[in-house]
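Asks: This is what each chain is made of:
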Amino acid sequence: MAKITYIEFDGSEHVVNVEPGCTLMQGAKDNNIPGILADCGGCCICGTCHVYIEPAWRARLATRTEIEKATIEFSTDVEPHSRLACQIKITEELDGLIVRMPESQ
Amino acid sequence: MNAVNDSGCHWDPYDPKYFSNPYPAWARLREEAPLYYNKQYDFYAVSRYEDVERGLFDRDTFISGRGGILEIIKQNVPIPPGVFIFEDPPLHTMHRSLLTRVFTPKKMNALEPQIRAFCAKALDPLVEGGRFNFIDDLGAEMPLRVIGMLLGIPEEDLKSVQARVNENLRTEPGKAGDYSDHSFVGEGYEEYLDWRVKNPSDDLMTELLNVEFTDETGTNRKLTRDEILIFINIIAGAGNETTNRLIGWTGKVLAEHPDQRRQIYENRALIPQAIEELLRFEPPGPSVGRYVAKDTEFHGQKVPAGSAILCLVGSANRDERKFVNGETFDIHRARVPHLTFGYGFHSCLGNALARIEGRIALDELLNRFPEWDVDLDNAYLSSTSTVRGWETLPAYTPKAGKASVHAAAPVAEAAAAPGGESWKMTLKTPMGPQDMVMSITRDGNSFSGRIESPMGSENVTGGKIDGDTLSWTMEVTKPAKIKLSFEVKVDGDNMTGNAKLGMFGKAALTGHRV
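Here the protein sequences come in this chain order: A and B.
Residue numbering for the first sequence is 1 to 105, as defined by our numbering.
Residue numbering for the second sequence is 1 to 514, as defined by our numbering.
One or more of the hints may lead you astray.
Computed list of lysine-lysine pairs in DSS-like fashion (alpha-carbon distance at most 30 Å, straight line) [unchecked claim]: (1) A/Lys69 x A/Lys89; (2) B/Lys17 x B/Lys322; (3) A/Lys89 x B/Lys106; (4) B/Lys17 x B/Lys464; (5) A/Lys89 x B/Lys107; (6) A/Lys89 x A/Lys29; (7) A/Lys29 x B/Lys107; (8) B/Lys424 x B/Lys399; (9) B/Lys402 x B/Lys17; (10) B/Lys106 x B/Lys222; (11) A/Lys69 x B/Lys121; (12) B/Lys74 x B/Lys39; (13) B/Lys107 x A/Lys69; (14) B/Lys159 x B/Lys121; (15) B/Lys222 x A/Lys69; (16) B/Lys17 x B/Lys399; (17) B/Lys322 x A/Lys89; (18) B/Lys424 x B/Lys506; (19) A/Lys69 x B/Lys106; (20) B/Lys489 x B/Lys428; (21) B/Lys121 x A/Lys29; (22) A/Lys69 x B/Lys294; (23) B/Lys159 x B/Lys506; (24) B/Lys424 x B/Lys500; (25) B/Lys17 x A/Lys3; (26) B/Lys74 x B/Lys302; (27) B/Lys322 x A/Lys29; (28) B/Lys39 x B/Lys222.
No lab work stands behind these hints, which were simulated from the structure alone.
In isolation and in its complexed conformation, chain A is listed as follows (with noise of 0.2 Å):
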């Protein structure tokens, strides 16, 4: 398992266990946290799973994809660490991951 915190907008935050192979879209939708939409459900069509990365962890994700870099155009207040949740695997190497929620997806 790999502990993941999800900050909301207004500084909510949700630790919560997520099991890796999972992505990070999936670890907040089985939890119920708010603020990530993920309408299309992670086809990387919709741009609804919009996160930013907290700076320790930038460097430790695998960089974007074409589609993603593609996709996260629809996002809204997109910045160089903001990366589509859908998209990102958990791994044991994640445990500990800090992410941010944008103020609207």
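We have chain A; now place chain B onto it with these hints.
Replies: The following block gives chain B in isolation, referenced to the frame of chain A:
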């Protein structure tokens, strides 16, 4: 093994038999011919989820630049730059990223109050009577008005825009569409564009006029007039047709699953997952075509470069390998992404808009009609190469009951007026046989009169008599504004011939004197 259809399963995208219910044929394809080859039309088809996903995602092998519709690929139709749905990188990347910025979920969700108002305007007058039509009253109205609002097309012009889109898309049953003279440029949108140049607003048209980007040559520029017209043409077409079909399927499928409809009625929080399940179960665009740019393989069988391949999204969405009880409609099923909006780089730009429109339409329907039945005897599916859905779908509340007098009721036989003659005729149209009665009076080599049909009463114009041949024209406004040109041969008390139905091809006609 190289013959991929040796098991004997068959599917024909143009055969109305499959069109009305393709699912049993697709289920067989998934099991017996996961790579299917259709000899008659020379195309391949994949039907399993993982194969469809690969077909949509691997854009180096399965390219879009030759079109995404089987006929366009086969007929090698030239596609001008700007038709982003039929482009490959680098042009596609550039055009698409421009439009993603315009169609963000946030912007689309902000349209909610207007979408609700359009639904209310369409549905409120029908509440008392308890009879409504999912397509005519809502599906053909609300999405059109939303896209009109986005593009800044005046309300009074919307219907003619819709008619043009319909003519562009529709095909004759049983046949491949003819795209040889297809125009991708948005003819008829020029005046709105020119007006917007002078009168900027906060709409999509203005945004397209102002957007700056770096093109494939590295030049920083704005979109050209032609590019904008093509974009608008595609967006207007997509916005009109697809959500319309989603609304139709919502009406049909929920009428057949009243228990689930009641659950949604009582708990509106179920609406988003209900719409996802409707999108999975009956996708408005059930197949997507690609051109095979290099030799590839599915299940150990070769697909040569130069082939056309169809990705059967409607089949993938019911693949048991991915969806437990895939052939069952279940709004509570575990969430597995359907492929209705595609997958990868060409996935639907309008998916956020379609979702918000579908959700609001269902909510507003339930607010007014908690229960309904559909009148399938008087409904019909439209036939196009790209979308599958209801062209008209009458419905009624339990209290109102089925309409007793309906458009499809037989026309009463009318006796001929003195000095005139009367003919009862049947026209085999794409929407089924239509009965009509023509009453005419001859005057030398010409004749005049009227035709009574379920579509209304229309004047016969340009009636000509040439020996035993009669020819005339007639204009109808329903189901679309088209001009019908008739030519028949009279043999005693019988007539046979045909009518050209505007852009919709020819229909056979038979008749007898009454």
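Asks: With reference to the structure, classify each hint as holding or not holding.
Replies: Hints and how they fare:
1. A/Lys69 x A/Lys89: holds (16 Å)
2. B/Lys17 x B/Lys322: Given pair B/Lys17, B/Lys322 holds - Cα atoms ~27 Å apart, limit 30 Å.
3. A/Lys89 x B/Lys106: holds (26 Å)
4. B/Lys17 x B/Lys464: The hint is violated at about 38 Å.
5. A/Lys89 x B/Lys107: holds (29 Å)
6. A/Lys89 x A/Lys29: Given that 30 Å is the threshold and the Cα spacing comes to 14 Å, the pair holds.
7. A/Lys29 x B/Lys107: holds (23 Å)
8. B/Lys424 x B/Lys399: violated (36 Å)
9. B/Lys402 x B/Lys17: Holds, at about 27 Å.
10. B/Lys106 x B/Lys222: This hinted pair holds, its Cα atoms lying about 24 Å apart.
11. A/Lys69 x B/Lys121: Given that 30 Å is the threshold and the Cα spacing comes to 40 Å, the pair is violated.
12. B/Lys74 x B/Lys39: holds (13 Å)
13. B/Lys107 x A/Lys69: holds (20 Å)
14. B/Lys159 x B/Lys121: Holds, at about 16 Å.
15. B/Lys222 x A/Lys69: The given pair, whose Cα atoms are some 22 Å apart, holds under the 30 Å limit.
16. B/Lys17 x B/Lys399: Roughly 34 Å between the alpha carbons, so the hint for B/Lys17 and B/Lys399 is violated.
17. B/Lys322 x A/Lys89: holds (19 Å)
18. B/Lys424 x B/Lys506: holds (19 Å)
19. A/Lys69 x B/Lys106: With a Cα-Cα distance of about 18 Å, the restraint between A/Lys69 and B/Lys106 holds, given a limit of 30 Å.
20. B/Lys489 x B/Lys428: holds (16 Å)
21. B/Lys121 x A/Lys29: Answer violated: B/Lys121 to A/Lys29 is near 36 Å, above 30 Å.
22. A/Lys69 x B/Lys294: Given that 30 Å is the threshold and the Cα spacing comes to 26 Å, the pair holds.
23. B/Lys159 x B/Lys506: The hint holds at about 24 Å.
24. B/Lys424 x B/Lys500: The hint holds at about 18 Å.
25. B/Lys17 x A/Lys3: violated (54 Å)
26. B/Lys74 x B/Lys302: holds (19 Å)
27. B/Lys322 x A/Lys29: It holds: about 19 Å lies between the C-alpha atoms, which stays within 30 Å.
28. B/Lys39 x B/Lys222: violated (46 Å)
The structure is inconsistent with the numbered hints 4, 8, 11, 16, 21, 25, 28, although it conforms to all the rest.
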